[in-house]
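Engineer: Go by the hints and put chain B onto chain A.
2 protein chains.
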Amino acid sequence: MLEQIFAPKSVAVIGASPDPTRLGHRVLKNIVDNGYSGTIYPIHPKAATVLDLPAYPAVSAVPAPPELAVIVIPPQLVLDVVEECGQCGVRGLVVITAGFKEVGGAGAELERALLEIVQRYEMRMVGPNCLGIIDTVSNLNASFAALMPGDGEIAFMSQSGAICTAILDWSKSEGIGFSRFVSLGNKADVDEVALLKAWGDDPQNKVILAYLEGISDGPGFVQVASQVTKNTPVIAIKSGTTAAGTRAISSHTGSLAGSESAYEAAFNQSGIIRARTMEQLFDFALLFAYQPLLPGPRLAIVTNAGGPGIIATDAIERAGLRMAEFSAATIEYLRANLPPTANVFNPIDVIGDARADRYRVGLQAALNDPNVDGVLVLFTPQAGSEPEETARVMAELAANQPKPVLASYMGAWSLEPALKLLNADKIPNYEFPERAVAALQAMDQHRRWRAAEPAEYASFDVDRERVRQLFAEVRASGRVELGEIEAREVMEAYGLRLPQSRLARSPEEAAEIASAIGFPVVMKISSPDILHKSDIGGVVVGVADAAAARDTYELIDYRGRKYSPNARIWGVLVQEMARKGREVLVGVSRDPQFGPLVAFGMGGIYVEVLKDVSFRLAPISRQEVAEQVRSIRSFPLLQGVRGEAPADLAAAEETVLRVSQLVTDFPEIVEMDINPLVVYNRGEGAVVLDARIILQG
Amino acid sequence: MLEQIFAPKSVAVIGASPDPTRLGHRVLKNIVDNGYSGTIYPIHPKAATVLDLPAYPAVSAVPAPPELAVIVIPPQLVLDVVEECGQCGVRGLVVITAGFKEVGGAGAELERALLEIVQRYEMRMVGPNCLGIIDTVSNLNASFAALMPGDGEIAFMSQSGAICTAILDWSKSEGIGFSRFVSLGNKADVDEVALLKAWGDDPQNKVILAYLEGISDGPGFVQVASQVTKNTPVIAIKSGTTAAGTRAISSHTGSLAGSESAYEAAFNQSGIIRARTMEQLFDFALLFAYQPLLPGPRLAIVTNAGGPGIIATDAIERAGLRMAEFSAATIEYLRANLPPTANVFNPIDVIGDARADRYRVGLQAALNDPNVDGVLVLFTPQAGSEPEETARVMAELAANQPKPVLASYMGAWSLEPALKLLNADKIPNYEFPERAVAALQAMDQHRRWRAAEPAEYASFDVDRERVRQLFAEVRASGRVELGEIEAREVMEAYGLRLPQSRLARSPEEAAEIASAIGFPVVMKISSPDILHKSDIGGVVVGVADAAAARDTYELIDYRGRKYSPNARIWGVLVQEMARKGREVLVGVSRDPQFGPLVAFGMGGIYVEVLKDVSFRLAPISRQEVAEQVRSIRSFPLLQGVRGEAPADLAAAEETVLRVSQLVTDFPEIVEMDINPLVVYNRGEGAVVLDARIILQG
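Sequences listed follow chains A and B, in order.
Using our numbering, you'd call the opening residue of the first sequence number 1 and step up by one each time.
Using our numbering, you'd call the opening residue of the second sequence number 1 and step up by one each time.
Next up, chain A with everything else stripped away, as it sits in the complex (with noise of 0.2 Å):
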């Protein structure tokens, strides 16, 4: 896919200049220079030949349309060029012009026409404002950047034209190779999203890698990148705050949710392996490139230094990742093999005048072993160590098998042939080993994703039809908060528990249904326009008899009137006080880029002040539900602590899955809490004691 713009038949340069000092002249020359075997046409309004090649006045002029148009001209030129394109036949652009969208007001603007011809024509566009883009398959350099990089099986895209220039001159120095490489610049027309499925069918990218600073088509981010990752891996590196401070926060879950967990969310849910820093991101990819995936999280290490092999073992733990215990025959093979100084259980130690050929036996115990998923090799120069040459049996032992074998030579001034060895035979190098074990947790976080279980969305039996309505009736009376008594009544239309409830209006009226429910009861006052019911002393809980009942409706309807003078107050709701079970917090907020975001937390304290709360876009899986529940550090509280019975997790995780459905249902809501609900013990469900709901302003 976007063959037009990475594997082009025929190429033209619009503003291809004769004068070596100009962008447009640097375009062509990375073009010609780095042997691209398609037909090249420079057009340039003068000029008979650049470069040595017969040069065109406009894209009309040339005989037989070029697949792919480069565009480096003034932006004000910019849109009768693509016009010009767009009728001549071309179908993919690469604007490399700056002076769009990034200066605002008329570039803007101007962006906006460029994306309307350029979807009229139905071309593909990359850019405008980027460096261009690099294809080592096609050979194709068509982009201003000073390095064309080696080949490789890493395909890189960045919002960032300047990350694209020092990628390219560190992975020079590194020999890193890539498959495909692209500036995304404004990324109008093709985006992240678009590269993302372009390239996740191709094999020639073993890994996908990212640097993303903002995500436009959140969903469709997700929705495409969980699909891609299935096969490829994908590591994103996001940077840059966006300030959440501009839509209004009135819930407790949206003050809990910032654009970083929603991120957080999205990368978790579409199998992304979220790189912290740069260096990370390239010491993941480095892995995935170059060697097989790992089958399992049982790792061996092979050292001649007992100090680094303490060192991985420890990071190896941290990261969730296991030692390998070896087999009788791996430890009798290398008891037999080894001195009888060395260490032969894990980490095997083969002592610190080993030769190449301890080495070998280590390894190649490890590989041979059953238990063992991949094997990490710790070097240390000392008397008598043979850098390269253990390189060389690293290369031997480590093709062909299934195993990912990496290495951590720790040291350089003596180190640098065997580097430049490792490197060239696809074994990645680790300056430390702990850098080694992080790339070894990103593979076996993949490894997992791609283990798990399609995905399995759950449809309730409900009644949207009543919602639609009831939001209906909510706008045309002007509001966008629900009251009380109409959040429940989503409630049940979605299928969710609730205590028994009426609205009393008089306090004889509360007397009346209080007795009817039974004793104790909680009584709350009901206004659209008092949010916080407690803050004004509106909630009194076990009230315990009939004269009790009255007495508190009078208090309640004056404290009503008493703080909020201008409150409609529809009465009070007379409510079974429930039994006491695990309070959690249910809470819906939506974010700009990825729309939903489903919180669960322990409801009070746990939530308030400690921010134990785990989020996740909806839709929600199963899966990705009994996830959530379980990754609050509270967690062992829902599981029972001091001997107390589990609490029923399949009743919160449903409720979470209705609430799920109901904001897919409704993209108009805005912000939901549930909170309390109250979940009790396994088998026995769960009750929703308050509701919030507040509907898109």
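Keep in mind that the hints are not guaranteed to be accurate.
You can't tell identical chains apart in this list, so a pair holds if it fits in one copy or across any two.
[To be verified] Think about it this way: if two alpha-carbon atoms lie no more than 25 Å apart in a straight line, the pair counts; the simulated SDA-like pairs of lysine to any residue are:
(1) K611 / A61
(2) K29 / D353
(3) K101 / R464
(4) K533 / L637
(5) K426 / T232
(6) K197 / G537
(7) K206 / K426
(8) K420 / G175
(9) K101 / I310
(10) K580 / G537
(11) K101 / F345
(12) K172 / A383
(13) K426 / L397
Hints were generated in silico from the structure; no laboratory data involved.
On a predicted model such as this, the values are computed, not experimentally measured, just so you know.
Structural biologist: Leaving out everything else, chain B in the frame of chain A:
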């Protein structure tokens, strides 16, 4: 200090062989080749000369006694030779020979004997079983290392010889120099504490690095380190999780506190900067060695690209540092001297086509601004960039002014000469901006440590003698665990408040005591043999009247006899029912390396389930306890949430300090829990509800 080892006037190499394949030859050659200016005496049984130096058959045959002897002979010969060294007046030893404690059994015996001789003659010894020592100030390389490091101001010590060789190799290619470089080996005599003491008062060491696997003298380490770090930054990496499983753990605190908590507390209380990875160890060291200390947390960034600027800004905020807000003058200066598209706020973006002159403007403005404490310069190679000239500008402006300047040149291929320039000019450079920010964070931690007031230790007026007698009585009765009444007595002796309480020995007496105290009361079984009273139903709360007190006595007594038939039951404790308040835990466990470790956390679920506890080593200062109490995640609960009044933090802190005094006075306390300590609102104090104390077995 330790001049006999690092700067001796003369050195004998015992085992200096003429055979170039022998270690003794290599050691001598390292001393000879690297410019040591003192007298060198090869000692060899037969050779007349070694490496053209006159050789002697024994140390006793040397005309004037050498100040230092380096020993490279088989282990069985070491004792006699060291004895001879002592007799001749040798003052320092570097024992490279292996075969001592590290081989166990007879080797450990040999090492004890060796140390005895060393101490008898008041010599100091590095080793045995080490790579040797290097001092670039005296140009002494008394090691068998393959490389001599360059001069520098970083002092390095390592317990692992392999780490030493790896670091030497790596530092050589990075161009990093050292002042001292020590392989500690088995550290029979000179250990990390001795080196810290020796290096701390020497201006040649701008920063001290330590690779630690274990610390022998924990309290000594903390004491010395906390002095040294007030002048010289110390950065340590701790590797190797020690199995803490050997000692019996029966209290809460015991099960929470691992050796990791003790190291964390020790580093925290002694101002040591902890590196999490080997990479960080050197990333941090470089900044301390090359640049002045950060005077405050406000940082400026100068960059030629937006992307890296965002990465660095994110990292700075995550690290708890601050982005500086420029003065009006700075902004005006930048506006006047940078192109209109440049960003004149922080980060200063000098735009992709910036040459060195624009970096000069940006860096100069930032350094001149009184609101800026340090400057990070980001550089990506772009068309027109001047990496070397920019490096020269940085060196020029960074010189002779008090703010640290550091760089992240992103790239490598085209930057080699510039990177060499930066290193030569002592501008620390980091491949990626996040690593630069982590180094700044480490420097800021050191800044705050140095700026802190000297630690103040409280000394309360307590009845130490009463506790001494009580412990003696407990031991005399063959127990190690105190009964509740005894634990109460200890609490009282150390000035802690307790609820009123008396022991009843019959149902009638229980009723009388309860009536005197006032209902309701709590009743608890009193037995030295029943540790978990609640588990057997031995605690009843809310006993409401005299009849209930009689019944409860019988019930508790019955349960005690039924569930613990062999337990001695002293009666039933009748206790005032304390008012509700916020429950915290104050506990103590004894770390084998560091001694008493005091835990503080919110009681109950917060401690048990969420493991929300912070640790400090006793004795604890007033500043440390304030930090300890504030560092738990649930601290907001003590401050008061939802309109609650703040808890009496002063009372909570005083309790911790009194406990710290108690366990410092009585090292025989191996475990202790005050759980719960009920903390009332500010000004109302705190009461110990339950306490357990276990003495050394």
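Engineer: None of the hints should be skipped; say for each whether it holds.
Structural biologist: How the hints compare with the structure:
1. K611 / A61: Neither. Shortest intra-copy (64 Å) and inter-copy (74 Å) distances fail the 25 Å Cα cut-off.
2. K29 / D353: Classified as between: cross-chain Cα gap 20 Å, same-chain 53 Å, threshold 25 Å.
3. K101 / R464: Result: close neither inside a copy nor across copies, 41 Å intra and 76 Å inter.
4. K533 / L637: Close across copies (23 Å), not inside one copy (28 Å); limit 25 Å.
5. K426 / T232: within (18 Å within a copy, 43 Å between copies)
6. K197 / G537: So K197 and G537 fail the 25 Å test inside a copy (55 Å) and across (64 Å) alike.
7. K206 / K426: Within one copy only: 13 Å inside a chain, 40 Å across chains, cut-off 25 Å.
8. K420 / G175: Both: 8 Å inside a copy, 20 Å across copies.
9. K101 / I310: between (52 Å within a copy, 19 Å between copies)
10. K580 / G537: Result: close both inside a copy and across copies, 21 Å intra and 23 Å inter.
11. K101 / F345: between (60 Å within a copy, 21 Å between copies)
12. K172 / A383: Classified as between: cross-chain Cα gap 17 Å, same-chain 32 Å, threshold 25 Å.
13. K426 / L397: within (12 Å within a copy, 43 Å between copies)
Of the numbered hints stated above, those contradicted by the structure are hints 1, 3, 6, listed in ascending order.
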